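Undergrad: Let the sequences and hints guide you as you build the complete structure.
Letter by letter, the sequence shown follows residues 103 to 227 of the numbering used here.
Some clues are possibly wrong.
Stated by the list, open to error - In silico lysine-lysine, DSS-like type, Cα no more than 30 Å apart, as pairs:
no., residue 1, residue 2
1, 165, 201
2, 174, 125
3, 169, 125
Said to hold, decoys possible - Ranges of calculated distance between the beta carbons of each label pair, as one might list FRET restraints:
no., residue 1, residue 2, range
4, 151, 208, 17 to 23 Å
5, 202, 172, 34 to 40 Å
6, 133, 223, 15 to 21 Å
Think of the hints as simulated: they come from the structure by calculation, not from any bench. These numbers come from a predicted model, not from an experiment. Even for Gly, the Cβ is constructed at its ideal location relative to N, Cα and C.
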Amino acid sequence: MHKSKAGADELIALILSGIEEVKGVDINLLDLREIENTVCDYFIICNGTSNTHVNAIVSSVQKTVSKAIKDKPWHLEGSDNAEWVLMDYVNVVVHVFQKHIREFYDIEGLWGDAKVTMVASSYNN
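TA: Shown next as structure tokens:
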């Protein structure tokens, strides 16, 4: 289950495309490669506006990735209540939050040493 560097870049692009497809909000890419003892290389974090929207984002990401590179999350967690869904693609972990849950857990703050890239969306929030 080893992915190449190019594989991670392609996977990130596909995940971001899946998020964009259903208008995910406040998208950040955290590069964790320079931090010791991390479980993966990248976090992608975004918001949905409701549990329905969170599930739509998760579904869109899964569909986009699966269609393009026949890959599916190694682990998926939190889709029952859809306040915080974690999608584990091994080297890339996607966190899809509802806004209030994202603010409460402050993943970006916890991983303050990570290099953060804010992803501009092609639509107005």
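Undergrad: All the hints need checking, so say for each whether the structure fits it.
TA: Comparing the hints with the structure gives:
For the given pair, residue 165 sits about 23 Å from residue 201 by alpha-carbon distance, which is consistent with the 30 Å threshold. For a cut-off of 30 Å, the pair hint linking residue 174 to residue 125 stands: about 21 Å separates their Cα positions. Between residue 169 and residue 125 the CA atoms are separated by roughly 19 Å; this keeps the pair inside 30 Å, and the hint holds. For the hinted restraint 17 to 23 Å between residue 151 and residue 208, the CB-CB distance of approximately 19 Å keeps it satisfied.
Checking the proposed 34 to 40 Å range against residue 202 and residue 172 shows it holds: the Cβ atoms sit about 35 Å from each other. Against the hinted window of 15 to 21 Å, the Cβ-Cβ separation of residue 133 and residue 223 comes to about 19 Å, which satisfies the hint.
Going down the numbered hints, you'll see the structure goes against none, and every one checks out.
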